[in-house]
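Novice: Next come the chains, spelled out residue by residue.
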Amino acid sequence: MKKIIFIFIILIIVFAIINLIPGFKKGLGNFVFKIFSSIGSFFSRIGQGITGFFQIFINIGNLNRENIDLRQKNLALETEITGLKEIERENNLLGENIEQAALIVGKDIQGIQDWILINKGAKQGIQKNMIVISPEGTLVGKIFETQNSFSKVMLITNKDSALAALIAENRIEGLVKRNEAGGLIMDLVSKTEKLKIGQTIITSGMDNVFPKGILIGKIENIDSSENQIFQKILISPAVDFSKLEEVIVLK
Amino acid sequence: MKIIFPIIFIILVLFLQIGILPHLAILGAFPNLILISVLSLVILRGWKKNLGWIVAAGLFFDFYSSRNILGISILIILVISIIVQFLSQKFFKKTDNLSIFLVFLAGLIIYEIVYLSFPTSLIRIIYDLIFVLPIFHILKFYVGKIAQIQGQKEIF
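Order-wise, the sequence lines are chains A and B. Under the numbering used here, the first residue of the first sequence carries the number 1, and numbering increases by one thereafter. Under the numbering used here, the first residue of the second sequence carries the number 1, and numbering increases by one thereafter.
Only chain A is shown next, with the shape it has when bound in the complex (with noise of 0.2 Å):
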């Protein structure tokens, strides 16, 4: 018994050094991601290729209901594009910011999926807190950890993420975040609002982090129970964080 609080005094002085150093646990971070980002991209893309090929096979049976499915998309996309044109004309203020493409180079390997890691770090002029996006422009999340030549990109279905968003079509405003089933949702939505799934969320920049007129994703259910005050809104993330290889951070 002794030993083992021996040990564990020993290891917790070590890390509170490492962990005290300046620069030293970024570095550290540097190396490991430069060995293991590769290694990790490789497997990534082999699984990607795997996966992707038996989803073909499983997918067969569904393609008729599948056609008739993105019929009906299509034409609900056609009227959504009225309402996305302003989404363009908000996102057309970003024009001002420098963009760096990155490409995404690590994930969370222990299941929670809720950061991706990218090849682009301090030396590229990347700064916590910076924005990033997809190459189509919907919102991803933001930078909250810099290495050298790496940084990690908090996503929006974090549990730590928290933004002010509104719903284009009719301005009413809210806070996305991540819900218990790892989902996103739209909260502090008054029960009094008349919503419709399908409507399209967008940044609304009042948390003076995120520029207003990102995408966001579109309502998927609307949950207005009795037992609560407010609405809770499903969002289905414009984004498909599974499937993203490349993403652009905004300076």
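The set of hints was computed from the structure by calculation and includes no laboratory data. Please note that a few of the clues may not be correct.
Selected chain A positions facing chain B (Cβ under 10 Å, derived; list incomplete) [claimed, not checked]:
(1) Val14
(2) Gly29
(3) Gln113
(4) Met154
(5) Asn158
Derived lysine-lysine pairs resembling BS3-like cross-links, with alpha carbons at most 27 Å apart [unchecked claim]:
(6) A:Lys177 x A:Lys194
(7) A:Lys2 x B:Lys48
(8) A:Lys3 x B:Lys48
(9) A:Lys243 x A:Lys212
If you anchor each label on the Cβ, the simulated ranges turn out as follows [stated by the list, open to error]:
(10) B:Val13 x A:Ser190: 46 to 56 Å
(11) A:Ala162 x B:Val114: 19 to 29 Å
(12) B:Phe9 x A:Lys159: 24 to 34 Å
(13) A:Asn208 x B:Pro134: 48 to 58 Å
(14) B:Phe5 x A:Arg65: 45 to 55 Å
(15) A:Asn62 x B:Ala56: 35 to 45 Å
(16) A:Ile81 x B:Pro6: 53 to 63 Å
(17) B:Phe9 x A:Lys196: 44 to 54 Å
(18) A:Ser190 x B:Phe86: 46 to 56 Å
(19) B:Ile146 x A:Ile18: 28 to 38 Å
We treat Cβ as the ideally placed atom computed from N, Cα and C, and that holds for glycine.
Fit chain B to the known structure of chain A by using the hints.
Specialist: Structure of chain B alone, referenced to chain A:
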């Protein structure tokens, strides 16, 4: 055998962990083969002989997580390893699959308490348990072979 097996095993576990299992996630949860492998080795050989693996796995978890303190995962895995070894030696002396299963269940529950994000944690524990026995028996085979080569008495 002594070197080739660990290399192949590590590559296979990393490939499954990074490349395959994220695509099989249920509600964002997928198994942690690295943790299962480390705990298997702890049950087979004790935590002291596997301190290197515990440190390596813990460092890997720390760098590939959103936690900002380096070393915290090492301490968590070390605590769980000590508890798992204690349980396997004191309460589950039999080497049948049920005992091993229960020891892992206890270890995984303690590990998930740290994260506690219901229902993800519950799904992850169930998912982990599917992989527990195959990984344990693969490593048991390897540890047995090494013990034979070195002329040592097998633990199990």
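Novice: Please flag the earlier hints that this structure goes against, numbers listed from lowest up.
Specialist: none
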